[in-house]
Amino acid sequence: MADERREIPKPLPEITPVTQPFWEAAANGKLVMQRCRACRSWVWCPRPACVECGSEKLEWTPVSGRGNVFAFTVIREVVGRALRGFEKDIPYVTAWIDLEEGPRICSNIVGCPIEKVAIGMPVEVVFEEAGPGIFLPKFRPR
Amino acid sequence: MSLRGKAAIVGVGETPVDRLGGKPGEPRKVTAEYLAWAVRLALEDAGLTKKDFDGQGLAAIYTTNHSQPFWPEEVANILGITPAVSLGGGNGGASAVSLLGQAAAMIDAGVVDLVLVVAAAAPFSEHGRNRAEPADTRDFEMPFGVMGPNCKISFVMSRYMHESGMTTDHFGKIAVTTRYHASLNPDAYLRKPLTLEEYKSARLISDPIRLYDCVLPANGGKAYIMASPERAKTLRKPPVYLLGWGECHNASAGPRFRANPLITGIRESGKAAFEMAGISLSDIDFLALYDDYVPIVMLQIEDLGFCKKNDKEFFERTDFTFKGELPIQTGGGMINCGQPSTTGGMLHVIEAVRQLRGEGGARQVAGAKVGVVTGLGAVNYGKNFGCTAAAILGKQY
Ligand SMILES: [Zn+2]
Chain A
1 MADERREIPK PLPEITPVTQ PFWEAAANGK LVMQRCRACR SWVWCPRPAC VECGSEKLEW
61 TPVSGRGNVF AFTVIREVVG RALRGFEKDI PYVTAWIDLE EGPRICSNIV GCPIEKVAIG
121 MPVEVVFEEA GPGIFLPKFR PR
Chain B
1 MSLRGKAAIV GVGETPVDRL GGKPGEPRKV TAEYLAWAVR LALEDAGLTK KDFDGQGLAA
61 IYTTNHSQPF WPEEVANILG ITPAVSLGGG NGGASAVSLL GQAAAMIDAG VVDLVLVVAA
121 AAPFSEHGRN RAEPADTRDF EMPFGVMGPN CKISFVMSRY MHESGMTTDH FGKIAVTTRY
181 HASLNPDAYL RKPLTLEEYK SARLISDPIR LYDCVLPANG GKAYIMASPE RAKTLRKPPV
241 YLLGWGECHN ASAGPRFRAN PLITGIRESG KAAFEMAGIS LSDIDFLALY DDYVPIVMLQ
301 IEDLGFCKKN DKEFFERTDF TFKGELPIQT GGGMINCGQP STTGGMLHVI EAVRQLRGEG
361 GARQVAGAKV GVVTGLGAVN YGKNFGCTAA AILGKQY
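Heads up: the sequence lines are chains A and B, in that order. The numbering of the first sequence is this note's numbering, which starts it at 1 and goes up by one. The numbering of the second sequence is this note's numbering, which starts it at 1 and goes up by one.
One should not assume that every hint holds.
Chain B is faced by these chain A residues, among others (derived, beta-carbon under 7 Å) [unchecked claim]: (1) Cys-39; (2) Asn-68; (3) Ile-119; (4) Met-121; (5) Pro-122; (6) Phe-135; (7) Leu-136.
Hints are computed from structural coordinates only; laboratory data are not their basis. Ideal Cβ placement from N, Cα and C applies to all residues, glycine included.
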């Protein structure tokens, strides 16, 4: 109990009207992103209107959750008080993943020894509960 | 509109930097003290007094650790100046170079004759409130443990190494060169020469970024003063003229959902600055590039057009020392002179002024007439820098 009380929390996303559909889908094990009905562009991160053509007709669209590692790093030090909750996870991998549909998402590579992570590695999404009802899309080798 | 020769830098001031954290019994200064100190030094340098700035322009750069929405007004109040125009620098590390053009435009329009640009920060001695982060960072980076710029620039560097085939030897060469310059600069913070072996064996912070790839956070204050060319000629020091200038914000090379992170907005802001100045790359005597990380210095050299993208051989054969064919970071840059938050961007403007006045001492670029200064701020999700600005400064116009 004492240890649990001392545990430093990690920051959670703030759910806003713009991002709510993303987090609701994540809680149901689905990765969705906005797509513009006017110009068909993908829009990521979530926005109130299309960043290419300005249309507000954005549609939350399921994506495959499959992609490849575009770039990655191994986090070895905590910087800033807001992120002290990650101290116990060090070293861990954060990465940019290019999804098959096009958008690039920032996440963690999990279920893989650090030394095996490489640029180009095929990965797939897996959801991890981070807080009450909050599921983060992470990626593991496929 | 061209700002070529429409304004000049007539005074610069910078306090020594320190890393004092306000431990019990430790001497400590707050942001306001560094600010007032830097302004006094710039005024002395120009031969002006604070009274000269009543009815003129004042520009204060917002900092990450000590900011509130009325910061430029608080700065006027701290200094006891009644400006006719108050500008705020909201472009992070790019603000110092942004404001060169913005101040020159006010001067060229005849609104004011003088602009005092000032920045100070004390991240070690004044922790301030938790900073507010952009929504993308708060919601889609921090929950995954993205450790700020260290982590984000590591993504960029990891991809850069993958695409260019460059190794720690290439990045190490830049780190060793800039430290060499710092060893010749009495105002630098890290002055002990660095060997390539020391660079390569330094600890990893966020792979592939190592200790000496990273900027050195510090407390400090910096200021510069701009004047109309007519006013400039009446002052104490030789004027350093703005010849060219450009900004580019939220650049995205490729679609916004998947930008190329190896191309910075300096490609556009640099191009605009060169076009305004009407000069070519071969006219440039030195570069003073925003340097929060070593790989970023190299991407900017590419984006300014000094070589093609991923040009490994160029970085191998070029002498970047102050005696070489393309001198960079002649005072050691922020990596060796310290980065007091967004104040850090002022360093490059001040070093360029020193070089163009011939005040570079042991690190003086012989016959320096024209130099490039850049500024970068904010690292956007999935990209590189949001704010970019470039300026060309010269002895004559
Ligand atoms: Zn659209």
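Hint check against the structure, violated hint numbers in rising order: 1, 2, 4, 5 and 6
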